[in-house]
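If you're matching them up, the sequences are chains D and H in order.
Yeah, the first sequence ends on 410 if you go by numbering that gives the first Met the number 0, and it's all consecutive.
Yeah, the second sequence ends on 410 if you go by numbering that gives the first Met the number 0, and it's all consecutive.
If you're looking for bench data, these hints aren't it; they were derived computationally from the structure.
Worth double-checking, as some hints may not be accurate.
It does not matter which identical chain is used: a pair holds within one copy or between any two.
Computed list of lysine to aspartate or glutamate pairs in EDC-like fashion (alpha-carbon distance at most 16 angstroms, straight line) [to be verified]:
| hint | residue 1 | residue 2 |
| --- | --- | --- |
| 1 | Lys-216 | Asp-74 |
| 2 | Lys-193 | Asp-272 |
| 3 | Lys-193 | Glu-273 |
One letter stands for each residue in the lines below.
2 protein chains.
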Amino acid sequence: MAAPGRGARTGRAGSTRRQFLLGGAVAGVGAAAAIGADTVLNADRPAQPVPAAAPMNGESTVPFYGAHQAGIDTDAQAHGVFVALDLHEGTDREAMRRMMRILSDDAARLTQGEPALADSEPELAVTPARLTVTFAFGPRFVVRAKGAAPAWLGPLPAFSVDRLQPELSDGDLLIQIAADDPLTVAHATRMLLKDTRSFASVRWTQQGFRRAYGSVKPGTTMRNLFGQVDGTSNPSPGTAEFDRVVWTQHDGWLAGGTSMVVRRIRMDLDKWDELDRGGREQSVGRTLSNGAPLTGTDEHDEPDFEATTAIGFPVIPEFSHVRRARPEDPGQRIFRRAYNYEDGATADRVSDAGLIFVSFQADVDAQFTPIQRRLDQLDLLNEWTVPVGSAVFAVPPGCADGGYVGETLLT
Amino acid sequence: MAAPGRGARTGRAGSTRRQFLLGGAVAGVGAAAAIGADTVLNADRPAQPVPAAAPMNGESTVPFYGAHQAGIDTDAQAHGVFVALDLHEGTDREAMRRMMRILSDDAARLTQGEPALADSEPELAVTPARLTVTFAFGPRFVVRAKGAAPAWLGPLPAFSVDRLQPELSDGDLLIQIAADDPLTVAHATRMLLKDTRSFASVRWTQQGFRRAYGSVKPGTTMRNLFGQVDGTSNPSPGTAEFDRVVWTQHDGWLAGGTSMVVRRIRMDLDKWDELDRGGREQSVGRTLSNGAPLTGTDEHDEPDFEATTAIGFPVIPEFSHVRRARPEDPGQRIFRRAYNYEDGATADRVSDAGLIFVSFQADVDAQFTPIQRRLDQLDLLNEWTVPVGSAVFAVPPGCADGGYVGETLLT
Numbered sequence: 000m001a002a003p004g005r006g007a008r009t010g011r012a013g014s015t016r017r018q019f020l021l022g023g024a025v026a027g028v029g030a031a032a033a034i035g036a037d038t039v040l041n042a043d044r045p046a047q048p049v050p051a052a053a054p055m056n057g058e059s060t061v062p063f064y065g066a067h068q069a070g071i072d073t074d075a076q077a078h079g080v081f082v083a084l085d086l087h088e089g090t091d092r093e094a095m096r097r098m099m100r101i102l103s104d105d106a107a108r109l110t111q112g113e114p115a116l117a118d119s120e121p122e123l124a125v126t127p128a129r130l131t132v133t134f135a136f137g138p139r140f141v142v143r144a145k146g147a148a149p150a151w152l153g154p155l156p157a158f159s160v161d162r163l164q165p166e167l168s169d170g171d172l173l174i175q176i177a178a179d180d181p182l183t184v185a186h187a188t189r190m191l192l193k194d195t196r197s198f199a200s201v202r203w204t205q206q207g208f209r210r211a212y213g214s215v216k217p218g219t220t221m222r223n224l225f226g227q228v229d230g231t232s233n234p235s236p237g238t239a240e241f242d243r244v245v246w247t248q249h250d251g252w253l254a255g256g257t258s259m260v261v262r263r264i265r266m267d268l269d270k271w272d273e274l275d276r277g278g279r280e281q282s283v284g285r286t287l288s289n290g291a292p293l294t295g296t297d298e299h300d301e302p303d304f305e306a307t308t309a310i311g312f313p314v315i316p317e318f319s320h321v322r323r324a325r326p327e328d329p330g331q332r333i334f335r336r337a338y339n340y341e342d343g344a345t346a347d348r349v350s351d352a353g354l355i356f357v358s359f360q361a362d363v364d365a366q367f368t369p370i371q372r373r374l375d376q377l378d379l380l381n382e383w384t385v386p387v388g389s390a391v392f393a394v395p396p397g398c399a400d401g402g403y404v405g406e407t408l409l410t
Numbered sequence: 000m001a002a003p004g005r006g007a008r009t010g011r012a013g014s015t016r017r018q019f020l021l022g023g024a025v026a027g028v029g030a031a032a033a034i035g036a037d038t039v040l041n042a043d044r045p046a047q048p049v050p051a052a053a054p055m056n057g058e059s060t061v062p063f064y065g066a067h068q069a070g071i072d073t074d075a076q077a078h079g080v081f082v083a084l085d086l087h088e089g090t091d092r093e094a095m096r097r098m099m100r101i102l103s104d105d106a107a108r109l110t111q112g113e114p115a116l117a118d119s120e121p122e123l124a125v126t127p128a129r130l131t132v133t134f135a136f137g138p139r140f141v142v143r144a145k146g147a148a149p150a151w152l153g154p155l156p157a158f159s160v161d162r163l164q165p166e167l168s169d170g171d172l173l174i175q176i177a178a179d180d181p182l183t184v185a186h187a188t189r190m191l192l193k194d195t196r197s198f199a200s201v202r203w204t205q206q207g208f209r210r211a212y213g214s215v216k217p218g219t220t221m222r223n224l225f226g227q228v229d230g231t232s233n234p235s236p237g238t239a240e241f242d243r244v245v246w247t248q249h250d251g252w253l254a255g256g257t258s259m260v261v262r263r264i265r266m267d268l269d270k271w272d273e274l275d276r277g278g279r280e281q282s283v284g285r286t287l288s289n290g291a292p293l294t295g296t297d298e299h300d301e302p303d304f305e306a307t308t309a310i311g312f313p314v315i316p317e318f319s320h321v322r323r324a325r326p327e328d329p330g331q332r333i334f335r336r337a338y339n340y341e342d343g344a345t346a347d348r349v350s351d352a353g354l355i356f357v358s359f360q361a362d363v364d365a366q367f368t369p370i371q372r373r374l375d376q377l378d379l380l381n382e383w384t385v386p387v388g389s390a391v392f393a394v395p396p397g398c399a400d401g402g403y404v405g406e407t408l409l410t
């Protein structure tokens, strides 16, 4: 996971100076880390007795400025909030520009552990915990900005499995706020939404989670609430394949950008529980224990779709998710960056749980839709899942210090 | 925060064997940590070049069995879910005993990183991340168990500030599920609620958060969504004062137990933002920067309620929260273990955010109610906060391996 791009985790090295400047216990950590590194490099020199302490992940930052926006190739943080806004009637192109300037400025501050410009609780801003803020534009945003909308920017084709709710779908502006700390996410979300109030109103908010920092090794593929290893076939950030899959080939305002699909997939955990372990593994085509294809032993083994059982049936069933999701041609790949959601039981429901499916791809029509169409037709997992929300956004490129996200569209 | 009791964090030392057994990268961490410690102790011996890596907090466990239940004197985890259940009409004393046996057994497994007995997603159970499960009984539970109910077990007196909603108040059985990992909490909650389905139905669920593991130094007092340092005057687990404040003096079934107050306090963040920094500090009586009383410089300085300004006004105003909350006599102390909540903006609301106030004390009437009564009368913070849920529970003692929580009441 040592991605060389802007998504690489910069905390360990990048925040050492900050740790020293902060003084006290955090500086102590910095000192310990520095001496530790020194010891490793100079094994013949006696080590200094220093207190053992882990570096503070809360101080880790991801750069906001760059050719691409952060929060895409960034190793996914533990918490992600997705807010979709609708522009007010009177928010014209000039107002949209003002809004994106203010939002970018505050996002730049908050992601670096600085308070927002008019931060009402600055003490909550000093723990960035790898905070990233990512902006994406819906169809109406691009039209009102008088930009050329890519052909794929609009609602997905209707799939037979969909039970979409308007209050969980679409939107003019999407803000993805992600960090390893839930209080950091809550504070940043609030500060950014205050910036938008004169220009737009909230359409929907979705809150998601993955494993916490410190729970599992960085780079471990996430598990969803079905217990499945989820996202194995993702291209790795920092590779040419990732760049090919994710970054758009447009040479207009979207150059250096991508597309984002956000779908809320409700998962019927109780019905899933009725299925035995063998049935579950058949429905996915992977083992539950480590996510290996049923024809392999390791998570990243290539599935063998030709393999058959002793009595001639495919080892990986025809209707299994892994077979249906597998692209017919290598152009049909996407980069997934999903979050689990769980809204808790009430008197009226056992739970409201599932997956905030998020994917980035250069072209929705060419990459995402063919996969979803195949899944819609035959994927066994459809028995236990229902898409209840869906939205497509255009993700503009990043910007340099002094610029703002959306400047290629709005200036 | 080095509490010697059962709430002490046992992960670092306690999970070393597990880390070695797990092999791979986690074992590597164990080896690095062991060699690191060795280096410190033997500064004249050259250190071995080992990869630097933090121990995995995900493997840390808190004992389930003990004289007191876990999750009370345990250093508060990052995520807490509170579920209140109502017993089915037909759930009699014998059924209640069965339910508590099943719940205790699964809680014991899950907290130690083992799957529940009928775990449908065992792979989600292997990351305990300091999981604790705490059970507490409402008035009807105790009556139906034919136990002697303490005088304080029932709804609190009505306070003028309350705007209580029945669907966020009361309940027969409370389960507090807390861990440093949100997926761990979601899985454990689901497994435990499956155990209860034949016996009880969910009345309400509240999901809360504090700073993540790795974000701040262990033992840092939490901040709420107003940005305030919240919980400074708590007694410290492991001290005689903590034991006096928290554990009940009853010698019946509640010996070794305590009482638990859970109140959902909605916080009007927007209105709070209208107040300037000086006004905020006056309303609380503490500085926002580090939580020091307005008469001091350090968070844990004792407030000087006699100090006056040059023109004769009290430095800590009469109506400030810290003055109103301060007990008239030392018997009126409580132990707070609160969580923030934030349910996200929708088209209909800016946000639904606040504090899941949780306190433990030996006697609600003697310790909690007098404080709340003073706050109800005059606390300035009432301008920005509204209690919308309230419940009181009796927390039975812990149990030994082979026993179950509630056995002192149900057998």
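Hint check, failures only: Hint check: nothing fails, all pass.
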